[in-house]
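Novice: Protein sequence lines correspond, in order, to chains E and Y.
With the numbering used here, letter number 38 in the first sequence gets 22, and the count goes up by one each step, no holes.
When you read off a place in the second sequence, starting at 1, and then add 267, the result is the number in the numbering used here.
What the hints contain is simulated information worked out from the structure, not anything from laboratory work.
Predicted model only: the values in this text are computed from it and were never measured.
Errors might be hidden in some of the hints.
Stated by the list, open to error - Some but not every residue of chain E turned toward chain Y, in silico, with C-beta under 10 Å:
(1) Thr22
(2) Gly55
(3) Gly57
(4) His192
(5) Asp207
Positions of the beta carbon are idealized from the N, C-alpha and C atoms, including for glycine.
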Amino acid sequence: MSTLFAILLYLATLVFVVGTLYRIGVYTRTPAPLKIPTTPAPNTSTGVVLRMTREVLFFESLFKANLWTWGLGWLFHASLALVLLRHLRYFTEPVWGWVAFIQPFGMYAGIIMLFGVTGLEARRLFVERIRYISTPSDHLMLVLFIAIALSGLTMKFLSHTDVVAVKSFILGLMYFDSQPLPVHIGLYLHLFLVALLLLIFPVSKLLHAPGLFFSPGRNQVDDSREKRHISSWARLMESNDTGKAK
Amino acid sequence: MSETVTAPAYRIIPIIPALKPGAMEGKGPYVANDKIQGALGFPEQLVEDWHDRALAKMGELLGKYRSLKVYMDACVHCGACSDKCHYFIGTQDPKNMPVARQDLMRSVYRRYFTLPGKIFPKLVGARDLTREVLDEWYNYFHQCSECRRCSVFCPYGIDTAEVTMAAREILDSVGYGQKYSNEIIGKVHKIGNNLGLPAAALKDTLEGLEEDVKEATGIDVRFPIDVKGAEVLLITPSADFFAEPHIDSLIGYAKVFHATGTSWTLSSMSSEAGNFGMFIGNYEQLRKIALRIRQAALELGVKRIVVGECGHAWRVAYSFWNTLSGVGDGADETDQFAMMLQKQLDHRYKQPMHICEFTWDMIEQGALSFDKEANDKHIITFHDSCNVARGSSMGGYPGGQFDIPRNIIKTVANNFVEMSPSTTHERTFCCGGGGGLLTDDLLDLRVKGALPRMEVLQQVVDEHGVNFMACICAICKAQFTKVMPIYGFDRKMIGGVHQLVSNAIRLGDKQ
């Protein structure tokens, strides 16, 4: 079983990293031929950095849209971030000071994350408009997060696993020095679901994470009158004619 | 349209409406005929291999537009946009929710361009591109006015306008174009403006206007055309030349130029600010129309280009002209195409400049004076036109496009009230007729799409006695003139900001 999980986790990490980098590469290479920043668009790069920061950290636009979705979504994402950071303790030896410090917070974050993601799924089930636009994969994605959170929390609160052994297994993966994974059904489930999440990341709507940074409506500087912006494919048209209407 | 179109009831409390699936199913607006299509270089009718060609076009656009590529991938179906579209609010058709409209295309994208959609189409909501899907695209992508309201609320800035534009571009490429937009684009190429107004008729109209203004004011206000060496070239929507209430704003611009002693001219070759190339999402058409203005500017040798009251035209001018035709600043020294024009323009001023920026500059410099009382019969509110609000700016700072028109109104009139803040500034609602939908075969949709604006207008009418809604868009003016009577308002309630300027401006007798 340890070998199977080792292979699965290596594979999932590889797909996640290569797949996501490939997607980012595609976004980077695809030109944005026209200036389409949305109001209120900043006139400077600093303004754009601030705008993106507000979007990434506080979900500014979603806040304007719907307080329930914003609240549940923000709680889910913020606690997920904290939970991920908490898991750094399995990857570092000795554990970094700040990672040790956030351990208790990360634990509560796991519960809040479960609350947030369940709330989001309730929205999908009970709000008519959201139910209408939801595909089976939208539901399953949330179910996946619920299952990951539940399996993780179970190990924390109900059926403990040997976390020291888990850590040596993971450090073993990192340093190519294979170590046994404790036999624990909850742990197997947790790791399997996380691997699944990594595998589908580059081919699913989880691409919203890198996508946000490439959204022209949000990342463009509003300086169209001050600076000429032209894409390579549009430039070609200019060498093909005199620039006069025919 | 023969059947009577009635207005939907106002919502007692503006709650999110329940869904009425299929409410707006149908064939969509009139399809362009072979002549209209052919004139733009599009296939004359739906081609036999439309399926393959549509997918090929989609692939091409995904490679040319980062917006489309990212927007197809990034949506998580969170529903933030789902209650933000005026057409959804007015029609209750779930396919008019922005996310559902995007999904008409996204479902096809997933089927042919993503791995999960190829393997598990049902799971991820992927669909084959069938004739039914194509017809559905034609219908529902002509129920979007590309107003971008949804994009303000999207956590990833997904802009349905970009998706609608791509869909229309694909439809055109397989010979399934819309009559209204494509016919108009043909007229611009052939005659120089959307209305097909020939140069001789235009000159007659302008002479008539000079006489009218002389009669009304006793002052010789000129409406010059094709004057070489003029300082300012005015590019304005052709509706300003003869439609009501548009023409009153044209008179306003002329009076501002007169009172400030600015030498200006119109161009008979380039007598259109509107650019329907944007509505159909076709870069070549967008560019070709924009190049007429470049050509006129070069031929007339003007130093400045000023744009009249037109929403989408100002978006194209402000955001795209520098890209398309070099009307702007900051081109590279080696960029011969742009430098040819940019060397000629006077860069002490923004290029291009909105007529409201021009007028406000002059007001700030003290070059204009007004009899505000002349507008006392009006209790005025201001409708932010969607393309100005969400596709452009003014004054060189974020939000200038909201302040400057309001500042002008407050300078020329005494009574001004705002409508509900959830419907103004960046959150403004489209008039219901933008984006190539201002055609009588879509009147039912236009009336329903106007609902959210009419509701809040009714509020300020009831509470403050508002009797004039100012705006700076030719399409808004035409749409409201048609639709407001259906909601029981006087059609004369809608008018331009420069109409108010025109009423109050002091000509010639400035101390």
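Novice: All hints, please: hold or fail.
Specialist: Evaluated hints:
Satisfaction of the interface hint for threonine 22 (chain E) is found here, the shortest Cβ-Cβ separation to chain Y being roughly 5 Å, below the 10 Å cut-off. Nearest Cβ of chain Y to the Cβ of glycine 55 (chain E): about 12 Å, over the 10 Å cut. The hint is violated. Proximity of glycine 57 (chain E) to chain Y holds as hinted, the smallest CB-CB distance being about 7 Å (cut-off 10 Å). At a threshold of 10 Å, the smallest CB-CB gap from histidine 192 (chain E) to chain Y is about 4 Å, leaving the interface hint in force.
For aspartate 207 (chain E), the suggested interface contact is upheld, since its CB lies about 8 Å from the closest CB of chain Y, less than 10 Å.
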